[in-house]
Structures are given as C-alpha cells and as structure tokens.
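S.K.: Each chain is listed here by its residues.
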Amino acid sequence: MSVGVEVGPRVAVHLLNRIGYGPRPGDVERILGMGLERYIQGQLDAPADPELDSRLRGLITLDYPISQVLTLYNADQRSIGVILDELYSAKVIRAVHAQNQLQEVLVDFWFNHFNVYVQDGFARFSTAAYEREAIRPHALGRFRDLLGATAAHPAMLFFLDNYLSRATITVGGRVVRGLNENYGRELLELHTVGVDAGYTQDHVIDAARCFTGWGIDNLSASGRFMYRPQLHDTGAKGVFGLNLPAGGGKDDGDKLLDYLASHPKTAAFIAKKLAQRFVSDDPPARVVDRAAAAFESSGGDIREVMRAILGSADFWAEAFGPGKPRTPLEFTASALRAADAQVSNGRAVVAYLQNMGMPLYSCVPPTGYSNRGADWINPSSQLYRMNFGLDLAAGAIAGVSADARAMVRRMGGDSEDPRSVASTISAEIFGKGLSPSTLAAASRVAPGGPMSVAARAAGVCLASREMQAR
Amino acid sequence: MAWDISRRVFLRGAGLAAVGVGFHPSSLLVRAAEAATAGSRVLVQVFLRGGCDGLNLCVPFGDSEYYDLRGAIAIGRGEAVSLDGHFGLHPALAPLKSLYDDGRLALLPAVGSYALSRSHFDAQDFMESGTPGDKSTGTGWLERSISKVPGNAVTEGVAFSAQLPRSFLGPEPVLVAQALSSFDLRARGWRAEAETLLRAMYDARDDVLGQAGRETFAAMNVLLRTPEIMAPPAGGAVYPNAAIGSGLRQAAQIIKAGIGTRAIFVNVPGSFDTHANQLPANSLEFTRLADALAAFARDLGGLMDDVALMVTTEFGRVAFVNGSAGTDHGSAHCMILMGGRVRGGRVYGSWPGLGRSQLYQERDVAVTTDFRDVFAELARAQLGIDGSSLFPGYTPGPGPGIFG
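Chains as they are written, first to last, in numbering that gives the first Met the number 0: chain P, 0 to 469; chain L, 0 to 403.
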C-alpha cells in the first residue's frame with residue numbers, strides 16, 4: 000500500500016485520528032519512526048495486547064456467558080447493574096488504551112451497524128456476550144461470518160423480535176398469524192442491501208419467513224440459540240432475487256444470509272458506510288467504488304475493504320481538509336488520549352457521553368447512531384464537549400487520572416508558559432495543526448490563579464474547535 | 000379563552016417567588032409586553048420515535064373490524080374513553096379527555112404520507128424534511144418555517160433533544176438542549192477567563208463548528224440572563240419522569256419566560272416500535288404522554304391560548320396483530336393536536352374504515368390526510384407564514400381546519 004502523500008506529522012495525525020481514537024503524546028513520533036505502512040499492517044493484524052488485557056483484568060464479568068449472567072441476576076437482581084457498568088467501563092478503557100485502535104473502532108462500527116439496545120429486556124443479559132461473540136471476533140474478518148453471528152445471536156434474536164416469529168398457519172379456515180417482520184425488514188434495510196436497494200414489502204415478509212423458528216431456548220436460564228422446526232414456515236419464498244423452494248428449514252435463513260452477504264448492493268452499502276466512517280460524511284464515489292470492488296473480489300473480507308480505503312487518495316487527501324466532526328465517543332476518547340489520561344474506571348466518562356447524546360450501547364432504534372459527524376454538532380453537544388475538555392484538563396473526572404503539567408514537561412515543554420503548553424499540544428496531538436486563533440486563546444491564559452497554567456491552557460486546547468474534528 | 004396579560008404576569012411572578020430568583024422587574028414587564036403582540040404564538044411539535052400505533056391510541060371501537068383485526072391486543076369497547084361514539088382514547092390517555100371536552104384537544108386519525116416508507120429512518124427523515132421520497136432536501140420543515148419569521152435569535156427555535164432534529168436542519172440558528180439547567184461552562188475558579196478565551200477562539204472560525212460554538216455562547220447568554228426560565232412548574236403541574244416529561248416541562252419554562260421562542264421541538268425516544276407485547280408498552284408510553292400533555296396545559300394556564308402543540312410519529316402500524324401480540328410497520332398514524340389555538344373537541348379527517356378493501360395493501364390504515372397539509376396549517380396559524388411555499392414540490396391543500 001502506498002500512502003501517496005508526503006509523510007509528516009500532519010499525515011500521521013490524520014491516520015491516528017481516522018483508524019483510531021487519535022494520538023496520545025508521543026504516538027506521532029513513534030509511528031513516523033516505524034513507518035505508516037508498517038503501522039497500518041499492525042493495525043490490520045491486530046495482535047494480542049497484553050497491556051490492555053491487564054487493564055481489563057479487574058472487570059471480572061466481561062467474559063461471563065449469558066447463562067452465568069442470568070444465574071447471577073436470578074440470585075440478586077442488583078448484579079446486572081455491576082455487569083453493565085463493567086461493560087461500559089471496558090468500552091471506554093479499550094478506546095483509550097488499546098494498541099489495536101482500528102479493531103476498537105471497527106468493533107464500535109459493527110456493533111452500531113448491527114445495533115442492539117442494551118436496556119431492552121433480555122438484551123441486558125446478552126449485550127456483552129453479543130459484542131464478545133458476534134462482533135469482536137469478526138470486526139476485521141469476513142462480512143458473512145459477522146452477519147451470520149449476529150443473525151443467530153440471542154441478543155439480536157431478542158432485540159428484533161425474531162425469537163417470537165413463527166409460521167402463519169390456517170386452522171379450520173381461520174388464519175393464525177405468527178410472523179414478525181422486524182428482523183426481516185432490518186436485515187435488508189440496515190444490515191445488508193440498504194433501504195434504497197429496491198426490495199418490496201413482499202420481500203420483507205419472505206425474508207422474515209426464512210427465519211421463522213430461529214429463536215432462543217430459554218430467556219431466563221441458558222439464553223442460547225435454538226431452532227424450532229415446528230415453528231418454521233416451510234413454504235416457498237422469494238427475497239430480492241433469491242427463490243427458495245418449499246420444504247426448507249433453518250437453512251432458508253442461512254441461504255438468504257449467503258445470498259445477501261454476496262449481493263453487490265450489500266458490497267456497495269457497506270463500502271459507503273465504511274467510507275463515511277473513515278473518509279468523510281459524503282465520501283467521493285471513487286473511494287466507495289474502490290471499497291465495494293474490494294468487498295466483492297475478496298468475498299466480503301473486511302480487512303481487504305479497509306486496505307482499499309486506506310490505500311485511496313481520497314483517504315489521504317482528508318489529512319489536509321477541515322476534518323470530519325467527531326461523535327461524542329470519538330471526542331471523549333480522543334480528548335482522553337490527547338491528555339495522556341489513564342482511565343481506571345469509565346463510569347464518569349459514560350455519564351458525559353449520556354449528556355452528549357451518545358449513551359453507550361443505548362441507541363434505541365435498530366438504525367444505530369448516526370455515522371455522519373455533522374449530525375452531532377449543535378450548541379448543546381458543543382457545550383458538553385467544552386466542559387469535558389475543561390474538566391479533563393483540570394483532572395476533575397472520576398476514574399481518570401490526567402496531569403497536564405506533567406504531560407507537557409514529559410514532552411519537553413515549559414508547563415508554566417501557556418504558549419509553550421499550547422505549542423506542545425499542537426505538535427504532539429495536532430501535527431502542529433492548531434489554528435492561530437486557538438494558539439492565541441490558549442497563550443492568553445493568565446499567570447497565577449486557582450488552577451495551573453498548564454491545566455487551563457490545555458483545557459482551552461481540549462475544548463477547541465480542532466479537537467472536535469478528526 | 001381570552002388573552003389575559005395580568006394573569007400572565009401574575010403566573011410569572013408566582014413562579015419567581017417560589018424559587019426566590021432575583022431579577023429586575025422591568026425586564027419581565029418588557030418581555031410580557033413584547034409577548035402580547037401577535038408574534039408571541041408558539042408552535043410545539045412532539046415527535047414520538049418508533050412508529051406509534053394510531054389504532055390503539057385513538058380506538059375506532061365503532062368499527063367491528065377493529066376487533067377482528069386486533070384480537071388479543073384490541074382495546075375493549077368499554078375500556079376506550081369515548082370521544083364521539085365511534086372513536087375513543089386508549090384508557091391511559093384518559094387525562095386528556097377533559098382537554099378534549101374543553102375544546103382544547105383534537106385527534107386526527109388516518110394522517111400520514113402518501114409516499115409511504117416503512118423504514119423508521121426514511122419515514123422520519125421524510126416527515127421532518129417535509130419532502131417524502133426526496134432524501135436530498137437540505138433543510139427541515141421547522142427550519143424553513145422559522146426562517147420566514149423575522150429575527151434570527153438562537154432561541155427562536157428550540158429543540159429538546161440530544162441531537163439537532165432533522166426538522167430544524169438548515170442555516171437558521173437553533174438551541175438544542177437536553178437540560179436547560181446545566182447550560183453553562185464548568186470552569187471552576189476561572190469561568191470568566193475560560194469564557195473569554197473560548198469565545199475568542201470560536202468567534203474566529205467561520206465553519207460549522209465555529210458557528211455551533213458561537214450559537215452555544217449566544218444561547219448560554221440568553222439562558223443566564225433569564226433566570227426565570229428556571230421557574231418550577233406552575234398550577235401544581237407534575238410532569239412524568241421521562242423524556243416527554245422533561246421535554247415539555249422545559250418547553251413550558253421557555254414559553255413562560257417569554258424569550259421570543261416561536262417553534263419548539265420535543266424529541267421522544269420510547270417504546271413505540273411495538274413489534275411484540277404491545278399492550279404493556281402502550282400503557283406505559285400513553286400514560287407518560289397523557290400526563291405530560293396534561294401537565295403542560297396546567298403549567299401554562301392562560302398562556303396555552305397562544306400555543307398549538309402537535310404530536311406526530313413517523314408512521315402507524317399494521318391494522319392486524321402479528322404473531323407476537325404486537326404490530327409491524329404500517330402507514331397512517333394518528334396526530335394529537337392541543338392548545339388554545341386548536342378547535343378541539345373533535346375527531347378530524349376522513350376515516351377510511353378498516354374493511355379489507357379499505358386497508359392500504361390489505362394491511363394498513365390508509366392515509367386520507369397528507370401530514371404536510373396539517374404542518375402548513377399549523378405554521379400559518381402559529382407563525383403567520385404562508386404555507387404554500389413551505390414544502391418544495393408540494394402545495395399544501397386547505398388542511399383539515401384544526402387551528403383557529
């Protein structure tokens with residue numbers, strides 16, 4: 000892969016901002032030293048990260064299977080609060096501290112693509128397992144595997160009601176409706192070919208019929224996938240060009256997933272959404288086409304699609320534009336990294352995200368959170384972001400340790416001179432990209448006062464316009 | 000109900016006394032006087048996200064087919080709160096009956112879009128842009144509406160929402176807030192310095208983020224300058240502890256403070272996407288909805304004379320119950336209209352019926368009123384604007400005549 004632009008700090012920052020949650024102090028120098036192509040390869044390989052594992056070790060419920068979560072809940076309902084806290088905390092810690100930044104970005108991307116709302120009944124007990132079993136292993140894998148893992152996961156079966164869906168039958172001349180269209184519709188609209196693909200209401204119904212009988216064995220004990228043949232609609236089905244003869248079983252669903260995963264409209268839909276995440280809100284057709292072609296030629300290998308995007312001129316050209324506005328998660332994680340913060344408990348950060356309109360795992364509609372940066376910009380979110388930056392620099396966020404003065408000194412700046420604080424942050428985090436107005440504002444921090452010069456000047460930088468885009 | 004300025008000022012004063020907020024009395028009188036002009040009317044849109052079922056909201060108990068179609072999730076003839084002998088409110092909406100009887104609340108079943116989308120996202124997008132079928136519209140219908148109203152203060156349009164709603168998308172500045180009470184910079188010990196520096200920084204930027212920053216400070220200024228915004232609910236109103244409750248409580252605060260707000264959008268995420276086990280979800284959400292609307296009316300008191308509120312959702316649901324005691328995505332929904340400017344006590348529109356041939360695609364309640372006709376009528380009544388050019392590519396009809 001060729002980067003195709005002159006490599007320097009600005010370009011390195013761009014890469015860190017786009018495939019991860021932004022640079023930590025020292026990162027720019029490090030990846031320039033190793034070479035961007037090697038860094039990208041490492042991100043695509045996503046090797047073990049023992050340091051992250053040790054940070055997560057205290058979160059003991061993260062690996063609990065659904066059955067164990069249910070057992071704990073049945074013994075003491077308060078346990079679910081602890082379990083969800085650990086899930087949320089882990090998400091913040093991973094975003095801030097993972098070496099495999101691209102993997103974390105893609106886990107977030109795919110979770111949101113195959114969204115499940117954590118507070119929805121049984122989803123409380125199964126969302127952690129859903130991310131761990133269905134999303135994370137396939138985030139850089141094959142789309143078909145990802146699609147299949149989500150389709151058969153109890154969290155998805157519950158959230159989109161498929162576990163209740165069964166064949167509509169006629170009993171003594173009377174129609175007994177059994178079908179639930181929810182999953183069938185969202186599978187087409189949100190997960191694969193996209194809302195504009197041209198499918199019809201009849202296709203939605205037949206897609207739902209393919210999955211009748213795909214359910215959950217017991218919602219309050221084991222919570223495992225179970226196929227019940229007696230609930231399956233065995234009639235012939237036609238979905239968007241795929242015709243399935245009568246007499247099928249569970250494999251009706253599998254065949255539909257095979258078909259949809261390899262459909263060109265799916266390649267185009269996924270390519271567009273990934274380009275929107277990594278390139279720009281309205282990505283150029285050229286990079287979308289390139290990513291879609293990689294999707295098709297590789298049989299839906301997400302790594303190859305990422306390689307196509309990262310190898311495009313459009314991706315690198317973005318290094319010199321105004322940037323894509325950050326979502327609240329991207330903003331908080333990036334600000335924490337920029338401040339060289341250590342997160343031991345993410346609970347307080349989770350509360351900020353709630354105020355910014357992006358509570359973790361809590362997007363109610365199946366659509367997921369908006370992938371467009373511009374959708375997150377408004378006076379309210381702006382205020383919460385500024386306050387997060389100010390609180391962070393002040394060291395006032397519980398569970399987070401950040402010391403602006405020590406950070407600036409470590410990077411060779413003069414922590415008592417606001418101008419030096421600002422230029423150090425500009426160099427380490429923005430590739431010297433902080434604007435004159437931001438540098439001027441931070442430099443005007445007055446000496447003395449109740450809080451250190453470094454904390455206040457860093458606060459201005461973290462609350463800046465530049466911090467809000469990537 | 001007649002406009003009563005003394006009552007209005009009294010209500011404000013009462014609220015202020017209750018919280019002990021100090022203010023210069025003349026500013027209040029000036030604002031009250033300004034508000035007494037024709038330009039004081041306010042439009043409120045409540046958006047229920049998820050596709051709220053219209054058939055269980057405004058129950059057509061007079062149609063025998065309703066009971067065949069809905070089976071176990073039908074609302075019984077005796078349970079529905081009868082409005083006119085044919086339609087009745089869901090029992091959880093009973094608190095709205097007295098508003099209906101007072102002529103301040105109306106129902107409009109069978110409203111929606113003829114260019115149907117059963118996608119949540121698209122249907123919401125189309126309703127909010129006001130251009131069904133066209134995804135390229137760069138502005139929202141409320142943004143276009145307030146752009147025709149003189150002035151461009153940031154608080155002319157207010158959204159209680161985590162994100163800028165599509166309805167307000169466009170160049171007009173809009174205040175988006177989840178909580179008015181915490182709308183301030185948190186820079187303990189150096190707030191003034193922080194504000195000066197951050198303002199200077201955002202003032203110097205002319206892009207989207209710079210503009211949002213400037214709007215943030217403009218809104219902060221208005222809110223901090225108007226402490227009476229924080230007055231507690233008047234008239235003993237109690238709002239439910241839910242998004243609709245906090246949204247309408249704050250909408251009332253903004254209206255009572257008289258800061259020139261003309262359009263308010265209240266975003267309501269909730270359990271409206273009732274694919275399964277619909278009855279408990281309806282009871283929960285309709286209780287919140289009714290309690291919030293009733294509290295809003297009580298809280299505003301005489302100020303309700305200048306307010307018209309509209310409850311919308313992206314689509315209604317299938318006429319028949321599905322296999323999971325729920326309903327899948329359908330077509331027409333039911334609007335609730337409320338306020339002193341509403342000719343209430345009536346069920347509006349043309350009811351298409353629930354016979355098999357009357358249902359759209361043999362499954363959904365058919366649309367008989369284009370939602371844009373209602374939007375245009377509302378904008379005309381509340382903002383005094385000509386609705387004929389409000390929707391690119393569409394000239395609204397005369398509308399059902401709901402607003403006075």
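Hints were generated in silico from the structure; no laboratory data involved. Glycine included, C-beta positions come from ideal geometry on N, C-alpha and C. Among the hints, a few may not be true.
What follows is a set of in silico ranges between Cβ atoms, one per label pair, in the way DEER data are often shown [said to hold, decoys possible]:
hint, chain 1, residue 1, chain 2, residue 2, range
1, P, Thr199, L, Ser388, 50 to 60 Å
2, P, Ala284, L, Gly137, 15 to 25 Å
3, L, Tyr66, P, Ala245, 43 to 53 Å
4, P, Gly448, L, Gly137, 41 to 51 Å
5, P, Arg285, L, Gly354, 20 to 30 Å
6, L, Gly137, P, Gly197, 43 to 53 Å
7, P, Arg285, L, Gly137, 16 to 26 Å
S.K.: All the hints need checking, so say for each whether the structure fits it.
M.R.: Hints, verified against the model:
For threonine 199 (chain P) and serine 388 (chain L), the Cβ-Cβ distance of about 34 Å falls outside the hinted range of 50 to 60 Å, so the restraint is violated. The supplied range of 15 to 25 Å is met by alanine 284 (chain P) and glycine 137 (chain L), whose beta-carbon atoms lie about 19 Å from each other. About 34 Å separates the C-beta atoms of tyrosine 66 (chain L) and alanine 245 (chain P), a value inconsistent with the hinted range of 43 to 53 Å. Hint check: glycine 448 (chain P) to glycine 137 (chain L), Cβ distance near 45 Å, so the stated range 41 to 51 Å holds.
The beta-carbon spacing between arginine 285 (chain P) and glycine 354 (chain L), approximately 53 Å, falls outside the hinted interval of 20 to 30 Å. Evaluation of the 43 to 53 Å hint for glycine 137 (chain L) and glycine 197 (chain P) yields a failure: the beta carbon distance comes to about 25 Å. For arginine 285 (chain P) paired with glycine 137 (chain L), a C-beta distance near 23 Å keeps the hint of 16 to 26 Å intact.
The structure fails hints 1, 3, 5 and 6 (numbered hints given earlier, in ascending order).
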